[in-house]
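K.L.:
These are the residues of each chain, in order.
Number of protein chains: 2
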Amino acid sequence: MHELTRELFVKNDSKIVMLVADGLGGLPLEPGGKTELETAQTPNLDALTKKGVLGASIPVLPGITPGSGPGHLGLFGYDPLKYVIGRGALEATGIGFELGKNDVAVRGNYCTLDSQGKITDRRAGRIATEESAPLAKVLAKVKVPGVEVFVEPVKEHRFVVVFRGDGLGGHVHDTDPQKTGVPPLDPLAADPASKKTADVAREFIRQARELLRDQPKASGLTLRGFAAKPALPSYEEVYGLRAAAIAVYPMYKGLARLVGMQIVGKAQTLEEQIGVLAENWNNYDFFFLHFKYTDSTGEDGAFQNKVKRIEELDAVIPRVTQLNPTVLIVTGDHSTPSLLKSHSWHPVPTLLYSACCRSDDCQTFGEREAVHGGLGQFEAKYLMLLALANAGRLAKYGA
Amino acid sequence: MHELTRELFVKNDSKIVMLVADGLGGLPLEPGGKTELETAQTPNLDALTKKGVLGASIPVLPGITPGSGPGHLGLFGYDPLKYVIGRGALEATGIGFELGKNDVAVRGNYCTLDSQGKITDRRAGRIATEESAPLAKVLAKVKVPGVEVFVEPVKEHRFVVVFRGDGLGGHVHDTDPQKTGVPPLDPLAADPASKKTADVAREFIRQARELLRDQPKASGLTLRGFAAKPALPSYEEVYGLRAAAIAVYPMYKGLARLVGMQIVGKAQTLEEQIGVLAENWNNYDFFFLHFKYTDSTGEDGAFQNKVKRIEELDAVIPRVTQLNPTVLIVTGDHSTPSLLKSHSWHPVPTLLYSACCRSDDCQTFGEREAVHGGLGQFEAKYLMLLALANAGRLAKYGA
Chain B
9 MHELTRELFV KNDSKIVMLV ADGLGGLPLE PGGKTELETA QTPNLDALTK
59 KGVLGASIPV LPGITPGSGP GHLGLFGYDP LKYVIGRGAL EATGIGFELG
109 KNDVAVRGNY CTLDSQGKIT DRRAGRIATE ESAPLAKVLA KVKVPGVEVF
159 VEPVKEHRFV VVFRGDGLGG HVHDTDPQKT GVPPLDPLAA DPASKKTADV
209 AREFIRQARE LLRDQPKASG LTLRGFAAKP ALPSYEEVYG LRAAAIAVYP
259 MYKGLARLVG MQIVGKAQTL EEQIGVLAEN WNNYDFFFLH FKYTDSTGED
309 GAFQNKVKRI EELDAVIPRV TQLNPTVLIV TGDHSTPSLL KSHSWHPVPT
359 LLYSACCRSD DCQTFGEREA VHGGLGQFEA KYLMLLALAN AGRLAKYGA
Chain H
9 MHELTRELFV KNDSKIVMLV ADGLGGLPLE PGGKTELETA QTPNLDALTK
59 KGVLGASIPV LPGITPGSGP GHLGLFGYDP LKYVIGRGAL EATGIGFELG
109 KNDVAVRGNY CTLDSQGKIT DRRAGRIATE ESAPLAKVLA KVKVPGVEVF
159 VEPVKEHRFV VVFRGDGLGG HVHDTDPQKT GVPPLDPLAA DPASKKTADV
209 AREFIRQARE LLRDQPKASG LTLRGFAAKP ALPSYEEVYG LRAAAIAVYP
259 MYKGLARLVG MQIVGKAQTL EEQIGVLAEN WNNYDFFFLH FKYTDSTGED
309 GAFQNKVKRI EELDAVIPRV TQLNPTVLIV TGDHSTPSLL KSHSWHPVPT
359 LLYSACCRSD DCQTFGEREA VHGGLGQFEA KYLMLLALAN AGRLAKYGA
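In order, the protein sequence lines correspond to chains B and H. The first sequence begins at 9 in this note's numbering and counts up by one. The second sequence begins at 9 in this note's numbering and counts up by one.
Simulated from the structure, these hints should not be mistaken for laboratory data. Please note that a few of the clues may not be correct.
[To be verified] In the DSSO-like style, the derived pairs of lysine-lysine whose C-alpha atoms are separated by at most 30 Å in a straight line are:
1) K90/H - K42/B
2) K58/H - K404/H
3) K23/H - K316/B
4) K145/B - K274/B
5) K316/B - K404/H
6) K90/H - K90/B
7) K349/B - K59/H
8) K58/B - K58/H
9) K316/B - K19/B
All values derive from a computational prediction rather than experimental measurement.
Sequences are here, hints too, so could you generate the full structure?
P.N.:
Here it is as structure tokens:
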């Protein structure tokens, strides 16, 4: 697909806004009832629906529930089955660590070891974050010649290690044996290019064991999900777009950074995000604006709160349309029905407005309407093609 | 796709029922008229439609009419363009011959030969089944050292040969020259691994010619469609499902067996099939229930009979829902419009019910409604993903 866009993209003065309401899609609480989005009073989104076109976005494949990584890669136009962000890289991304091309990121777990070095608790009793965070500073003392080592706290027993250096392959087997009563495994290279990484990890573990020896709650560690920075071509390369990301949470900034978007502003609220959008309007072609709370309320099973968050989103729409974007898209990276309290596979209602979008009969923005929309049901990875096309940024294919 | 399901499947206590009404989809007899399904009185399926979600299943690709093999492989989640059941294997499956991994199955045709061994009739005058069936017993006398030989009658001039032994590849060219006035071709291996099979076939043909020499109506034979048992991963492997098949006809039992389903019961009627379903409820996770007569009435061009068969199906639905399946799917492997008296490419109306299926606006189970359904138009191979998702049997993809 990017082979096509690389060949066809053209540049112009258009502006594309992709407003991602995380986990937007939902379910009714009772059969025959309304979803969160259908329940919400959304006069602005409904007005846009009448002028725009709806569709139902399938994040990965029918029935497949995506995590945030694959969910956003799809929206960004990167086939989420082809481009896989390794666990370690995603964890580093999630805490806002900016991965470079010489980095290998690894998820670490503190554990407890007995006198023979056998694991007694794989998660160190889920040690409290305030107790585990200082341990990252202790481990940061490890020195491996020729390699930079970063250790960052995450939460409870989890931390992130990043090895930075030349010739570090990303394929090393986990050292977590997935059971207690045995010692952690040796880090073994899964391919020849990762031999140096395995050696570095082994030395890191050796020194870390010394440093943790006297720690009462976390006397050992395991390493999992070794991953190099995923090789994603940038928005500039594949779409010819100068892209900006306006997100509050590190994970989404990180995902945007992986596809070459610039992180702009330091907004902490949706209102502030719209402010950042307006301030940067002239400097970019594409704006990814991420709204988290439609997902977190869904995860909490808080139907009414999710409804309110959707109404909050609706309320800022006029401030976006006032900027007169060429293409305005409102969608989600997946559904998070309050009923399920989790991400789900259900298609995501998606609204696209442009002056040439070919409107449909849809009157209100909702799951049931979206199914009848002019965009039909489509795999999320195609949304960027529609965005570019509606912005006049794709030339004709073939003569 | 199975790479994905192997990684993501989880086990739980859910029950999935897939009720396949063979050739379910149809056409109106006159423009503007109703299809068989739309004509039928289906109060139970309509009630389920109101709580469930509809869609239109595309068996292979738009415009492609499938046989029973690809039709069912799609429903079972095996890409019918990737997994091909060789002709010989399908013929053996169709007569209920249980193929093993050391088997090569071949379709045989009786023919007539002149004194010089040249074919005078490629189908032996479509010899009557009661005359050809005993010939299978005659041919079963063939002995090839180191190989077991099975010969089974099919119908008229057709029979099946199965060679069982070590090192038998499945790629041997047909011996039918597709014309008269020439002798049958020599069986030639199409790859080195099938040389032994070709030798075995040559010896089989030599002895068979001796045995048939004095048969007035069928003095020779040709062999076509050499095929090993297709290597299909099992439901247990790719979905983690203990699957049962409840079918009346050998072909469908055979297809189910190829994907590792257990054939349960000896039901001869739909009522009995539902009884078998209930009896085996606690022993399996997934039930494939095959109903043949929506197809055979369509093939006969008997519109009203097909309507009645659909109503017969509708009448047993309460006995299925009483079992409280987590996911209930009603679909077909393809359309068989009475108007065409044959299988067709038209999408198949498909109903899925679960407590989290995200219902749509559809009110009755029919072709026109299904087009507007919440599942949209989808390739049949994705149906199993939806079944697993709705049963809570697929973990999240990526973090």
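K.L.:
Against this structure, judge whether each hint is valid.
P.N.:
Hint check results:
For the suggested pair K90/H and K42/B, the alpha carbons sit about 40 Å apart, so the restraint of at most 30 Å is broken. Pair hint K58/H plus K404/H holds up; C-alpha atoms about 28 Å apart against a cutoff of 30 Å. The suggested pairing of K23/H with K316/B is violated, with an alpha-carbon distance near 36 Å, which exceeds 30 Å. Distance hint between K145/B and K274/B is fulfilled; the C-alpha atoms sit about 26 Å from each other, no more than 30 Å.
Restraint check for K316/B and K404/H: satisfied, since their Cα atoms lie roughly 26 Å apart, inside the 30 Å limit. Of the supplied pair hints, the one linking K90/H and K90/B holds, its CA atoms being roughly 19 Å apart against a limit of 30 Å. Our distance criterion of 30 Å between C-alpha atoms is met by K349/B and K59/H, whose separation comes to about 21 Å. Between K58/B and K58/H the alpha-carbon distance is near 27 Å, which keeps this suggested pair within the 30 Å criterion.
Proposed proximity of K316/B and K19/B is contradicted: the alpha carbons are some 38 Å apart, above 30 Å.
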